[in-house]
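Asker: The lines below spell out each chain.
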Amino acid sequence: MQATVTAQHSAVSADDDRALAAVFSAYTVSATCWLLFATAVGLLLAFKFGAPDFWAAKYLTFGRLRPIHTNDTFYGWASIGLVGLAYYVAARSCGTKLYSIKLAWIGLALFNLAAIAGTIALELGYNWGDLEYREWPWPIRLVFLAALLVTGWNLIGTVARRTTEDIYLSNWYTVCGVLWTCVIAIVATLPWYQHGLGQVAISGFYMHNAVGMWFTPLALGVFYYAIPKILSRPIYSYALGVFAFWTNLLFYPLLGGHHFLFSPLPWWLQTTAIVFSVAMLVPVWGGSANYLLTMRGRYRDMTHSYPLMFILVAVIGYLFGSTQGTVEAFRSMQAIWHLTNFTVGHSHLTMYGFVTFAVWGGIYALLPLATHKSPGRLGIALHFWMALVGSFIYVIALSIGGTIQGLDWLHQRPFIQSVTDMAPYWVWRGAGGLLMFLSHIVFAWNVWRMTSGQTGNAGSPILARTEGAAA
Amino acid sequence: MKKLLQIAGGALLVYIVIVMGIAVIPAIDLSKTPPGPGVKPLTALQAEGSVVYAANGCAYCHTQQVRPLAEDKVFGRPSAPGDFSYQTPELLGSERTGPDLSNIGNSKPSDVWQYIHLFDPRAVVPESVMPNFKFLFHVVATVPPGETAVPVPAAFAPKQGKVIPTQQAKALVAYLLSLKQTPIPGYTMNGGMGGMTSAAPATVPAPTAAAGGGYSYDAGKGQSLFMANCSACHQATGEGIPGAFPPLKGNAAVDADDPTLHIHTVLHGAHGVTIGGVAYSSVMPPFADQLSDADIANIVNYERSSWGNHAKPATAAAVAAVRAKGP
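In order, the protein sequence lines correspond to chains A and B. Numbering that gives the first Met the number 0 puts the first residue of the first sequence at 0, with every later residue one more than the last. Numbering that gives the first Met the number 0 puts the first residue of the second sequence at 0, with every later residue one more than the last.
Please keep in mind that the hints were generated in silico from the structure rather than gathered at the bench. Do not rely on the hints blindly, as some may be mistaken.
Said to hold, decoys possible - Straight-line alpha carbon distances no greater than 25 Å define the calculated DSS-like cross-link-like pairs of lysine-lysine that follow:
1. B:158 - A:57
2. B:2 - A:96
3. B:169 - B:39
Bound-form chain A, shown alone (with noise of 0.2 Å):
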């Protein structure tokens, strides 16, 4: 029963695998683009912190750029890279080809017509209202809606043409997440119950759902899937991933009230919201020990794979990030760091340093087999640096930052003071966000590197199995 990574082949055709690099190189390459156009933007709002006139025209506006941010790198950048990753993952660990190159296609293209839609929908002030991470007038969203329910009929269609009887833990994580997905996009849409004070119910409950139902199942379908091929050994405990499985499942989706603690809601839904982000320990922990668990042993290994440096990193932002908004569920924690900048520099641990760090691991694990192109190392070594060392000057000066400034309103300090207290760590912000931007171009070559370059220019990502590993 127990399932194993090792893919068979049999019933794959060369030209079944040409067709899947093809749809994973595009997926990466489509991604890779707004993960440049969405950061370059991101820069530039940090820069405007420190110069409020700059570019402050109509169309340059922070507060019609800011949207453009989130959603670019939300529904650009991480949903494709990780559909397309997806994609891979299920056809290689199904021992099977994908069940429609063709829906693929129509998939990505669904993907970015809706990004590019909703980026000019947003410039030109059309929304829907400042309801975030959902600010693309409707319409937009029933193309993303139509995106995922292609991709959803797609991964169904490839797993249960599966050549073993069980189903990768995997596939579970992704064609769950895919499903999940589209229940909160036809719930964030559907006008009926959103006057008032019900719309900011369904917000709480679609801030956290969108991230924590789609990004993170994602994310980890990659973990339980790249992190045994790296090592060649099978995680450590698949009934371990089971469990976190579920309980992912019961407890996620029913703290997003916390995103309103202390506001109009009801009280119990507030309580409720507090209670399972608590409980959110319970799969975030039992999930981070089983990747941390699968390799040990082997972190001597890590020099050698920057793809696994990348997914650790993933894994410790995973459950630093996790449990840091445990903590900041707590009313007493609320009081100080709600509405402050420290939730801003939250949001990037958790989707920098977490989903973004696991969509590079996934990329640079898997697209190299998939078309026998490698980056070189020195390009995947200074993307890896950068973007750590700037994430983590982002985080360290936001959440430093953002107690100032709650504490500032706590003692009641005249309210322009929490504004001016923030300068210098808008500014370490700033240089943090430049040198992860500038991460982002290292990435980028690689991305060519491994999609357009030379065949065969590097070793292959997989580390060789050591003695005393587990078959």
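Dock chain B against chain A, hints included.
Answerer: Same frame as chain A, now just chain B:
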């Protein structure tokens, strides 16, 4: 296939049940929240303004939710469910890089201030990091009939021509000025300080008698209260904005030995006054409900002893006496 159906179908079903319970059903219920006392739907112009507000992402830096925490009382009373009955899309916000705006129509009721601040925030709040919204204004050589030029301070005004608001700016300011918390009977105004201290005892000494005696004036507190409540219009220099907000430096009411008019103005606000021969159309908000007698005495004394003013100090008892007389 059976296994796939069990996992995917089961997980989907469980999720739908949870989502109905935690989001959709509560939202159906909450959507029917009746409006609080005095909460009215937006007028056509205000509604147009709220679209401008959302389109330009104001809610990413400004919340519209006052929490039941001491630190939030500067923004008004805690928000109540009935405050949001007509607010769709909701604009509660998730970050407070700038101040909360739930009650901005009460705390900054002057449209002139709002226009100057939108045109260039740093013209009235030097430390502000808010972007300017000059794209919501026109610069014209001559002001067309029916329009009023915005009195932008010279250092921030265009070199040539007059600044007039576009329709979008007018709608936005109409919306901002509509953001006023309505009192809720039995729901304490945040902190309830006004109510606590305004019941002046019968034995309040006359202001003149008290002024001669000892009084405690906390200069640091006075300055910080002034910066939080007054400097947006009157400026840290006490010089105001020419043509828009009157100066306190050398102001006859502020520099007079009898503090009654000065205290009265802080307590009850003012509009349409002429000071130093200049008529000001701007509205000054009342502070009687937000600040205690001691706080108002501190503010007044800071103003009476700064920027070259040398008036006799006022006491909290004097503030209580003026408060007791009513507006």
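Asker: Are any of the numbered hints broken by this structure? If so, which, sorted upward?
Answerer: Violated: none.
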